[in-house]
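Chain residues, written in single-letter form:
There are 2 protein chains.
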Amino acid sequence: MFSSEQDHYSLKKMASSIGLGTKSCIKVECDEMGRMKPLLLRNKIKEAISNGQRPFFVNATSGTTVLGAFDPLPEIAQICKEFNIWFHIDAALGGCVLASSQYKHLMNGCSLADSISWNPHKAMGIPLQCSVFLVNHKTILYDYFSTKADYLFQQDKLYGEYDVGDKSLQCGRKTDAFKLWLTWKAKGTQGFEHTINKLFQNAESLRNQIKSTQNFYLVLDNPETFNVCFWYVPPQYLPMGFQAPQKVLNLSKTLENGRKVHQLTAQIKGLMQKRGNLMVAYQPLGDKPNFFKVCMNSPTATSEDIKFILQEIEQISHILLNHSSL
Amino acid sequence: MFSSEQDHYSLKKMASSIGLGTKSCIKVECDEMGRMKPLLLRNKIKEAISNGQRPFFVNATSGTTVLGAFDPLPEIAQICKEFNIWFHIDAALGGCVLASSQYKHLMNGCSLADSISWNPHKAMGIPLQCSVFLVNHKTILYDYFSTKADYLFQQDKLYGEYDVGDKSLQCGRKTDAFKLWLTWKAKGTQGFEHTINKLFQNAESLRNQIKSTQNFYLVLDNPETFNVCFWYVPPQYLPMGFQAPQKVLNLSKTLENGRKVHQLTAQIKGLMQKRGNLMVAYQPLGDKPNFFKVCMNSPTATSEDIKFILQEIEQISHILLNHSSL
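Those protein sequences? They're chains E and W, same order as listed. Take full-length UniProt numbering: the final residue in the first sequence is number 326, and no numbers are missing along the way. Take full-length UniProt numbering: the final residue in the second sequence is number 326, and no numbers are missing along the way.
If you are wondering where the hints come from, they were derived from the structure by calculation, not from laboratory data. Using N, Cα and C, we set each Cβ at its ideal position, and we do this for glycine too. Some hints could be false.
Taking CB as the label site, the calculated pair distances span [unchecked claim]: (1) Gly172(E) / Lys167(W): 21 to 31 Å; (2) Ser298(W) / Gly276(E): 22 to 32 Å; (3) Leu128(W) / Gly276(E): 25 to 35 Å; (4) Tyr162(E) / Leu321(W): 37 to 47 Å.
Every beta carbon over 12 Å from chain E, so not counted as near; a handful from chain W, in silico [stated by the list, open to error]: (5) Gly21; (6) Ala186; (7) Thr189; (8) Gln190; (9) Leu321.
Facing chain E, according to a computed beta carbon distance under 7 Å, are these residues of chain W, among others [stated by the list, open to error]: (10) Leu158; (11) Gly172; (12) Lys174; (13) Gln283.
Please put together the full structure from these sequences, using the hints given.
Encoded structure:
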């Protein structure tokens, strides 16, 4: 099975759970935006075949966890078709863009997938958990998952044709689909579209504020979705050759200043937790030291809320830098 | 892997999901109460070894889905120890008896297990879903499930030692444990004990009513838990050689009368659904035709509620038998 190096960790976990082993989960490199490179995917598939392996599954990510990147679906679909491989899309985060006529192009090619997973709980205002698994083959879930347990899925019962329990992997589940249905009824398709567009607007607003605020720098200038990744970098930690108007940085944690930003970011988050006014995630990515990530998910966030994020981080940094030996 | 022929269907599904294949899920026969026979388990393990297979997992069921039987845990534990096999207990239904000093003996030997699953949502008043997975080896979940995804489970974050997400198989989950904790706080251990004892009392009350009500017959006289399995059998469908005071039947769906009871039970349930006053499950079991199963799970059910079950089934049967060609 093949997936991008920036995919969700559940892919590796799945390879382990279903008995393939994590080494069977072959990772494909990404471009600077975080998108899987289709040419490298083709090469890896060919390489696996020449090693006597049998490629059967490609996962494309629509909305990566960190940078929010969308893998190029039409190219990946073409490769899967060529080698007769199941084409899955992990659209857990990014599936929501389909609700917006302005952003649905990010999912172009999704109709070519064999299966798609999508979590409406991530950006559409549905509480945890609400997961959708779409399959482009009508009877395949019954064919593979059905156990025909006759103490539950009686063939002779009234309305048995509406009991879809036997095509599910799990048994007792809450009716989480109901939350999606109710929200859809309440907000309408236009309501969802408004939500998604607002998340993109809020992300743009945060990026603009970062560009105009001292000591804040973007990891990625123009990400594909509403994830905003950024550093707080005091002047003394700026990289060699830094130009004053530059607002997108490329830091490395193998260098002294990158290592310091890495530590400072974790310390800012720690004090943020203690103060209890704000919760912003952080993480490293490859060679990049820890950076903050705001994944916009509330359409009700105002520009004041967004301004507060930077103010709070700045204030915490001042406290830390004036009271520690960083 | 080994499990009883009356286990939950998820065992077979698991064998399929983890890549073993359903043929690797070897089923062991049960006694008339529905309990796995330990002698047969030992024989099947020896047979598998002599066939070159490597037994690694035994599932004991504490509270089977249909008859509510408890497998003999100490004997099974001994066999697992002898062959160095992981000993798991599916106590999804029956784990709740541990809350009752009167009934906890049914789980005697459970401390010898390597792992136990338990669903407090089944009989303890917690809404779906609430599942507990207990493991008798402190670090094994981290050892096997951890993927160390550094964008989620940062090693350098404040309070990181309290983040147990990385030892779980799944990622985003509702905090379902909170429901159990809150209920425990509200009802107390004694409250749970009262609930469990009441379920057993209600089951006994229903069995007694069945014994004293015409045309109702028990599948099992004295089941181990609060499942009550019974038939509605009009006089013309009683088996050959039936003795008037007999209230426990042994019907076979390979015989004409059994086949008719099989159909009638499904039809009663169908009309029950249409009338909408009552929901009682039914299922076949091995050679036995469809029977009703009331799995007591509400401690607030009164003797009037219990009486209503039989009254409603009787009334529906009269309607069906007078208006159909059964």
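Checking each numbered hint in turn, tell me which of them this model violates, lowest number first. 2, 4, 5
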